[in-house]
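Residues per chain, in single letters:
Protein chains: 2
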Amino acid sequence: MKNNRYIVIVGCGRLGSHLANQLSRAGHSVVVIDSNEATFSDLSPDFSGFRVSGDATQMAVLREAKLNKADVLIATTHEDNVNLMAAQVAREVFGVPHVLARVFDPKREEIYAQLGIRTICPTSVAAQMFLQAVADDTAEQKGSQR
Amino acid sequence: MKNNRYIVIVGCGRLGSHLANQLSRAGHSVVVIDSNEATFSDLSPDFSGFRVSGDATQMAVLREAKLNKADVLIATTHEDNVNLMAAQVAREVFGVPHVLARVFDPKREEIYAQLGIRTICPTSVAAQMFLQAVADDTAEQKGSQR
Numbered sequence: 001m002k003n004n005r006y007i008v009i010v011g012c013g014r015l016g017s018h019l020a021n022q023l024s025r026a027g028h029s030v031v032v033i034d035s036n037e038a039t040f041s042d043l044s045p046d047f048s049g050f051r052v053s054g055d056a057t058q059m060a061v062l063r064e065a066k067l068n069k070a071d072v073l074i075a076t077t078h079e080d081n082v083n084l085m086a087a088q089v090a091r092e093v094f095g096v097p098h099v100l101a102r103v104f105d106p107k108r109e110e111i112y113a114q115l116g117i118r119t120i121c122p123t124s125v126a127a128q129m130f131l132q133a134v135a136d137d138t139a140e141q142k143g144s145q146r
Numbered sequence: 001m002k003n004n005r006y007i008v009i010v011g012c013g014r015l016g017s018h019l020a021n022q023l024s025r026a027g028h029s030v031v032v033i034d035s036n037e038a039t040f041s042d043l044s045p046d047f048s049g050f051r052v053s054g055d056a057t058q059m060a061v062l063r064e065a066k067l068n069k070a071d072v073l074i075a076t077t078h079e080d081n082v083n084l085m086a087a088q089v090a091r092e093v094f095g096v097p098h099v100l101a102r103v104f105d106p107k108r109e110e111i112y113a114q115l116g117i118r119t120i121c122p123t124s125v126a127a128q129m130f131l132q133a134v135a136d137d138t139a140e141q142k143g144s145q146r
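Protein chains in written order, with the numbering used here: chain R, 1 to 146; chain F, 1 to 146.
Hints are computed from structural coordinates only; laboratory data are not their basis.
Owing to the predicted nature of the structure, the values given are computational and were not obtained by experimental measurement.
A portion of the hints provided could be inaccurate.
Any copy, or any two copies together, can satisfy a pair, since identical chains are not distinguished.
[Unchecked claim] SDA-like mimics (lysine to any residue), calculated; alpha carbons at most 25 Å apart, straight line:
no. : residue 1 : residue 2
1   : K107      : S44
2   : K107      : R5
3   : K66       : D55
4   : K107      : Q128
5   : K107      : F47
6   : K69       : F104
Turn these sequences into a full structure, and let the hints steer you where they fit.
Pasting the structure below:
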């Protein structure tokens, strides 16, 4: 049984570096790709994976990250187009079984779903949580007025 | 019993406008503040609240939004400092009972908590969801290998 996964993360911003650190710590083999090498400084000292410097929409860069070996690809950049491109290539060209992408524009989630890409939209999630918090506060106030 | 709340939303970006539309639709009295009037175009045609154009770190602007009447303030801008400032002033000066803020830097969440401000960090939430998705995929694969 294989617990250790080969995980490629596109983008080493706040989300990407956090995921890379956590997944590396959990014992997975992690490769992080970012076109801006300076972002790699957000990787923690105990990060045991690899850093690939380059544009993740370029085949050569994805090959360097050994995407063909990957169990999981996570696209985390701030650009929906970059995430969509990297996710699609991972799925169609490299046959990566699990492809996840951050998506900023909720309207795009349907397109991704049709392409077999699992998405997480931080804006939708945050909105949901704020609406829930307002609902909770309202309920709490009602309770205390009884 | 009062179901209708007076809610002031700072920032009319993707998150702010979404919340404004939803909360207005739910019957609340909503005021949205943004320094960039162009963002108000993201409000839906049935948005029944008010738009205040200005910098939410300025007292005059917050007064114009009648923050003293507010039951809830939600700070949603892309600037942690703006959100913190607006949230703090709402709490301390205007005595708004429920203050929620988006925070990008997870390290700041503790400061907010000490100030009695409830925070939601989209990056942390998204990271949690991605890690869960990877864990689910791993579990699924284990199951199918049995």
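Hints versus structure:
In the homo-oligomer, the alpha carbons of K107 and S44 lie at most 25 Å apart only across protomers (15 Å), although the nearest pairing inside one protomer, at 34 Å, exceeds that limit. In this homomeric assembly, K107 and R5 never come within 25 Å of each other (Cα to Cα): the closest approach is 31 Å inside a single copy and 29 Å across copies. Taking the shortest alpha-carbon separations for K66 and D55, only the intra-copy value of 14 Å comes in at or below 25 Å, while the best inter-copy value is 48 Å. In this assembly of identical chains, the alpha carbons of K107 and Q128 lie at most 25 Å apart whether taken from the same copy (16 Å) or from different copies (22 Å).
Taking identical chains as interchangeable, the C-alpha atoms of K107 and F47 lie at most 25 Å apart only when they sit on different chains, with a minimum of 20 Å there against 35 Å within one chain. Taking the closest pair of Cα atoms, K69 and F104 never come within 25 Å of each other, the shortest separation being 28 Å inside a single copy and 33 Å across copies.
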